[in-house]
Each structure stands twice: as C-alpha cells, then as structure tokens.
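Residue numbers (the working numbering), protein chains in the order written: chain A, 1 to 232; chain B, 1 to 373; chain C, 1 to 357.
Among the clues, some could well be false.
Restricting the straight-line Cα-Cα distance to at most 30 Å, the calculated cross-link-like pairs of lysine-lysine (DSBU-like) are [claimed, not checked]:
#: 1; chain 1: B; residue 1: K228; chain 2: A; residue 2: K163
#: 2; chain 1: A; residue 1: K196; chain 2: B; residue 2: K51
#: 3; chain 1: A; residue 1: K196; chain 2: C; residue 2: K336
#: 4; chain 1: B; residue 1: K328; chain 2: B; residue 2: K303
Some chain C residues close to chain B (C-beta under 10 Å, calculated; not the full set) [unchecked claim]:
#: 5; residue: A40
#: 6; residue: N42
#: 7; residue: R60
#: 8; residue: Q201
#: 9; residue: P237
#: 10; residue: R324
What the hints contain is simulated information worked out from the structure, not anything from laboratory work. This structure is a prediction, so every number in the text was calculated from the model and none was measured. Every residue gets a Cβ at the ideal spot worked out from N, C-alpha and C, and that includes glycine.
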Amino acid sequence: MIDDRDKLIAEAVEKGLQGDMDTINGIEDRVIRSKAKAALHKAKKVAKESGTGIEDSKEETASPVDENQSPNQIVFAYLEKKIPGSVIVQEGDLEECIYVNPSSWEAVSKLLRNDEILQFDSLQCITGIDIGEGILESRYNFHSMSLRHTIEIRIPVSIDNPKIYSIEQIWRIGDWFEREVYDMVGIIFEGHRNLKRMLLPDDWEGFPLRKDYETQQTYHGIAIPKVKEEWE
Amino acid sequence: MGVIHGEEMVLNIGPQHPSTHGVLRLKVKTDGEVVSDIYPVIGYLHRSFEKHCENVTYEQVVPYTDRCDYIASMNNNLGYAVTVEELMGIEVPEKVEYIRIIVAEFNRIASHLLALGTYGLDVGAFTPFLYMFRDRERILDMFEMVCGARLLYNYIWVGGVSHDLPKGFVETAYQFLDYFEPQVTEYNNLLTYNKIFVERTADVGVLPPDVAINYGVTGPNLRASGVKWDIRKDEPYSIYDKFDFDVPVGQGELGTIGDCWDRYWVRMREIEESVKILRQALKGLPKDGDVHQAIPKKIRPPKGSIYKRTESPRGDLAYYITSDGKPKPYRLKMRSPAFTSLSVLNKISKGWMLSDVIAILGSLDIVLGEIDR
Amino acid sequence: MTVDLLYDWLNETIPFLSGNDLLLLFAILIPALMLFLVIAVNAIVLVYAERKVSAFMQDRVGPMGQGVGLHAGKWGMLQTIADALKLISKEDIIPKLADRKLFIMAPFIIFVGAFIAVIALPFGESLIVADMNIGIFYILAVSSFGVIGLILAGWSSNNKWSLYGGMRSAAQIISYEIPAGLSLVTVIMLTGTLSMQGIIQYQSGGIFDWIVFSSPFSFIAFIIYFIAGIAETNRTPFDIPEAESELVGGFHTEYSGMRWSFFFLSEYANMLVVNGVAVTAFLGGWQSPISGYFNTAGWGIFWFISKILVLVFVMMWVRWTFPRLRVDQLMDICWKYLLPIALMNIFGVGLWTLIFG
C-alpha cells in the first residue's frame, strides 16, 4: 500500500517535471495529491538550484503547491507579480483574504478565471458588507474545481461612489450574486447587463444591509413594522 | 414555401402554480409549446433573514436558519453551528458529532425523498409521491421523538444539540433503516426505470459540467453532470472523514451525462449512501456523554470573518459570518445552493417544451425558502 | 327498449291517447331521463371507485366515515354525494373577460357529446335506446363532438392555461380518433355489420367466440382501441390537456362549481362510452362468457356492466401507475406506432378471414 503510494507520487513528480500537471491533478486521494505536489515543488527547487531543466520559473514561485503557505498568500504574491499594484497590502495577515484594488479588478478577475495556475472556475459567493466609516466591501469567495483551492478576495469602495467592475460575464453566477449585493448594500457593478433588484421589489427605497439604513415608514400604503432595538 | 412564424406569447408561471415548488414566478416566452426564453422572478418569500440576523444574538439565529431551507432544517442548523464553532474554536464532544451526523443524514434522506416524490408529481406520476411521503413521514416521526418538532427543528445548537437522543431512538432508527432499504428497489421499479419516466427525463435539460461550474451549481445537480465534488468527502467537516461512503456521479446511463434523469438518479443513489453512513454512525454512537457540555455561556466570536461550506441536500450551503466581537453577528450571509441552481434554469431549458421546463425545474430541486431567504 | 317499442307499448296501454304525438314525446323522454340517471349514477360510482382504487394503490384508505354525526358513511360511501352537494352549492364564477356565451355553452356541449353517445350502447338484448344500423359509426361520430366543447372552453376562458389545454386536447382527441376507428374497422370486417346488436349477435357463444380471441389481429386491435380510448378520455398517461402540474387545470382552469362538475360528469360518461364500445366490439357485449349459462336478460345487464367496470379498473390502474407523456411523444405514439400497426392489422384480418374464414 505504502509502496504503491510512493511509486504513484514518484511517477507523478516525474511527469510534472516534464510539464504535465494532469497526472498530479488526476490523483484521486487528496492526501496523496498534496504530497505529490509538495514533492514536485521540492524537485523543481532542486532542479533550479543545480541549474538543470525547468525554465518555467513563474510556475515555481506561484504554483499553489507549497504546503507552508496558504492559498491566499500564494495568490497574493502571484497577483502582485503579474499585475503590479493590483493588490492592496493591509495590516493583519493574509490568512483571511486578499484586498484587491477596484481599479485593477477587471484584469485580476480575468486572470483568476483563465490563468493556468489559478483556474478559479467557480465563484462561490459574493458578500456585500458595509464595514463602516464610509466603506463598502464586496467579498468574493473563489474556488477551483480543477485544482481544489479556495481564496477570498475583498474589494473596498467608498460609499459615495460604490462602483466595481462587474464579473457577471466571466462567472455567470455573478449575475445573480451581484444583483443581490446591489439589492442589499447598493454596490453598483459597472458593466452588468441587468442590474436590478433581486429579492426586494423594484421600487424599494434604500439598501437594507447598510448600517445607516432607515426602514421606510410605509410601502404602498402598508405600514412596515420597526425592528425592535436591543432585542435580547 | 416560407416558414410560418407565430407570435410569441409570454406565459406567466406562478407565483401560485402547482409545480413551482413554492412561490417562484417564471416569465416564459413561448412559441406554441416551445419555450424560447425563461426569466425567473424571485423574492416573493423574502423574509429578511440576513437583516434579522444582525439584530439577534448568535444563538437566536439558529431558528431562522430552520426557516431558510425548511425541507432540510437539520442540515441548515448543522452548517450554521459548524461555522460559528470554527470561528470561535469550539471543540464539541464526540457524542454530539455523532448525533449531528445521524440527524443530518436522516434529514438528507427525507429531503431527497421529497425532491424525488415531487419530481414524480411534476412529470405526472402521483403514486410514487405518496410512497415516498409515507417513508418520509417515518423520518419525521423520529425527529419528533428527538426534538418534538416535525419540520423546523432548532435542534443543532452552537456547541451541542438541544436534547440528547431519547431512549429507544437507536432501535427505532435501525428498524427504519431495515424497512427502508428494500423500499428503494420499489421506487426504482415504480418510477426510476419506468419507460415513460425515462422518455420524459433522459436527454432532457442537459447541464454540461463546465456550465454547471460557471453557474455555481453544486450538490447533486453538479454531481449529476459528472463532477465529483462533495464537501463531505473533499473538505470534511464535523466527523464525515470517519465514514466510508461513495460519492455517486451521473453516468449518463440512459441518456446524456447531466440530464434530468441523472439528477434524479444521483439523488436516489445518495439516499443509499446516506443509509450507509447512518448504519456506521448508529454503530459508532457513544453511549455516554453530555450533549450540553460544550455549549458556551455566551457566544462572542473574536473579530474576523469566516466562510465555511457544508453539504446540504441541495449542494454547497455556506455561511459567511463577520464578527465584530459583539454578541450579534456584524454581517451574516447565507450562500444558498438552490439560489445558484435556479440561476442556470434559463440556460438549460431554452428550446425545450413547456412540459420539459417543468421537468427541468423539478430536477433542480429548489426550495424557495432558501432562495429568497 | 328502443323508442319504437316503447311507443307501441304506450299505444296499447293508453288506448285513448293512441296515435297522439304526446306519446311519442313520452317515449323519447322516458329513456332520456333514464340515461341521465345512468350517467349520474355512473359518475357517482366511478368517482367513488377511483378514490378507493387510487387509495389502495397508494397505501392509503381513501374516504372513510367513522363514529357518529355528519360523516361520509361507512367506508366513505357517501363521499361522492357529499362532493356533488358541495359542487352544487359552490359559487358560479364567470371571469369578467371571458366570452360569456361560449363559456356557459362549453360544458354542456361536452356533456351532450357524451350523452348522445350513450343512447347507442346496448345494455342488454332489448335494452338499447336506439339500435341503429350504423350504431358503431354513430358513436365514433358523436364522441368527437365533445372536442368542440373542449376547444370552446379553452378559448372562451380567456386564460392562457385554458388555451393550451384546449389546443392540446383538440390535437390529441382528433389524432386518436383515427387508430380507434381503424381498429374498429377490423371488427366491422369480421362481423359485416355496423349495428351494435349485430356485432354482439356475431359473438354469441362462449368466451372464445368473442372477437378479441378470434384472431391475433383482433387482439391487437383491442389493445390499440383501448390505448386510444384512454387518450380520448384524457386520462393519465395521456392527460396532457389538463396536466395539473403543467397547465394548472388545462381547459377547465376557470370553471367552478356545477359547470366544472359537468366536465367531470362527461369525463366519466366518456369512460362509460369508450369502454362500452370496447366491450361491445371485442368482449361480447352482454353475452355470458360461458356458453348457454347465465344468458337471461338480467344477467345480460350484469355482464355488460361488469365487463365495463373491469376495463374501467384497468384504466384507473394505468392512471395511478404511469407518469404523463409529453405532447410530442403523445403524437409520436399515435402517428408513428398506433396508426401503422392499425393499418397493418386491417390487412392482417383480411388475410386471416380469407384463409381461415
């Protein structure tokens, strides 16, 4: 059993060095796969130090195989390298998320979707949040079905001009998620083809999940009950 | 000879319609029987779940999660509890983990039975629906034994469960499983391999894997398209890594991979897998232990955010919780699997007939409570 | 009990009115009232049977009455009567935008279509309202009459679901008339008569003299007729005109109360007619299955009714087992399978009579 596993890893690493990542990604067992990836990474390092093989240094620095780093850290470094200035360095760690500059979100989103190393083909969730002090954030949780890694990306925008590039045509589910975020916190996604309210009626006033939201008194003549303050 | 073009008619299906599984409204453009465009309108059941959550404490959120996916309340409870526990770093006793798995898997069976039964109803078969409801009823009886409620349980709390399993539950559960396993064959004979049913569902509404992933479709719908992705297996939460079970994927046995029949069949197979898990869980259930031991006195998660996914019967159910260190969530977002499943409806049902649209909608197994929240 | 016989009998028993036209009116009205009674009782019995049969197939008990007070009687026997009372007392709603005249007319046209078909059904050797020499042809002709009512109902309701239902049912019923007619042609070829009584007389003797067993081709004809019959009565798996899960209620979406119950009444009357024709043409009508025994007039009624009920039971059995077909599949079955088979069948019966006849 253990011999089999070692053999499998060795085989996959060899293939990987030749540039064929499919073998590794095709391994079904999660544990073996990650082990194989780690081994491949090591092998590449050794190869580079000794100056043979592997010229593809991009894959080495950014491939999400290093077990010591979280996917967020790896993707952060990779994005910084690919599109300088696209990520915002925030205090605190990268365990939780990556902050992306709204102005470079268009390029970053396309990179996330199409880059061979990232391959974030699944947009899991978009959360709109009002973090106070006049800043709204759109938080994206990405997942890669082919490479099985996840990251979280946050894009802060000012509440006065909450505009973010729409990724609706890159991930189609973004269509509905963005509409919901627009509905709830009022972030405007530029380039969205049908940015209307999702859950609330079209003529609803205000964005309920903003912290300064005030409920309407009446809606079409129906009195809206107030949410009780400090309900314990 | 020219081709005769009729005028397109806009048909309004719902919000009150027998087959929209709740208060969904579909604006359908039809050319005779053939559907050329579908536009789902949702929000009729919106109950401000996320807004409410910001005004209640973490404990009080649990009953609200019940009401989101009211067909699989236990799984919703479980997803929420697991998320908050991870945010707070709570370890729950082994017995609690086992109890949670047992009730969650029972609820998965109940939910799938409802999905399959109503799917039969959508394509016009009445009897399988009642057979499946008969068996679902026995599961609900067991839940009544456990927590007194039959639909909205409020059972799985942060750090524990509300009540210990009652005396005689394990025996009842075993009795049910022994009775239930042969029933699956009966369903297969009556509906699954019925010629008319296969004609109606095979090759209809094919959802290719890349489209499914792009539209964020998860759960049985995604697996039916041939993508092996089950969070219980790939990213185990609770103690799912202790159990041995398969993840059924669509094979295209009677049609194309990812058709309505595959989606139906994957759910049927998942029922069998859940029975497998249940047998292991009931066997491993520790006899002693306090189920309230790890329930924190006051839930005040540290500052930070978490996005945690769990596998509900409908797919990836995730909670995104942002805490500011106060007893109430700063922001709580629920990523509901039915929401994403419904978004793909327009894509896969264009060009099919009106009857097929109903069949495709049924095969996606949506729950409006969860879509609208 | 034809009108002529009744007229003669009335002339003899009431001599002072002899030759009066009033007697002719009586002679027509008496059987008409009796037939109405037959149809009403038929609906009541069949609705009750449908509920019980479906209940037993679905692991339920169906309507049950228990204890004292207002309830539906032992075994829920009075359930249908209670339903009928409820339907009569319900509000009669006519949508504002409906075509009022057609809307009111539609259920009656459907009912009349079913009703006038029943007069040619032979309940016994002499128990037939009108034994026409073209009886079977007459039934085929008038049973398509109802489809006009269905289209009217669908159109006049001014509701898209109703329209869909009406259009679907028109296409369906007209299509399925053809295989049904063609399979009856084989019977006419064998018997050489169009008269209902004539067809039954041809089958006198025991169970093996019935047309259904007379040759393999006639057995196929019976199956085709029965399938087409299910389609003509709009029952699952061919219930697409009223497909509950798709079209809400199909052509009767907008109807309520008594008008709605007329649709119901005619559905069950249609079942009676379709199965009555099947029994007459293929299963020996009122003839006893055992040659020479139980062949009196009383037994004749018993055999006729019980044969119909067996076929009705099969229809219910099918209904509560199968899912519903899609509209194009329904047409496929009719035009691509039933119709060619029925045509081949005519040829086959011709050969069979030539060789063995």
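Each hint, compared with the structure:
1. B:K228 to A:K163: Violated, at roughly 37 Å.
2. A:K196 to B:K51: holds, 20 Å
3. A:K196 to C:K336: violated, 48 Å
4. B:K328 to B:K303: With Cα atoms ~12 Å apart, K328 of chain B and K303 of chain B stay inside 30 Å; holds.
5. A40: Not OK, violated: A40 of chain C not within 10 Å of chain B, min 26 Å.
6. N42: violated, 23 Å
7. R60: holds, 7 Å
8. Q201: For Q201 of chain C, the interface hint is violated, since the closest Cβ of chain B sits about 39 Å away, which is over 10 Å.
9. P237: holds, 6 Å
10. R324: holds, 3 Å
In the structure shown, a violation is registered for the earlier hints numbered 1, 3, 5, 6 and 8, in ascending order.
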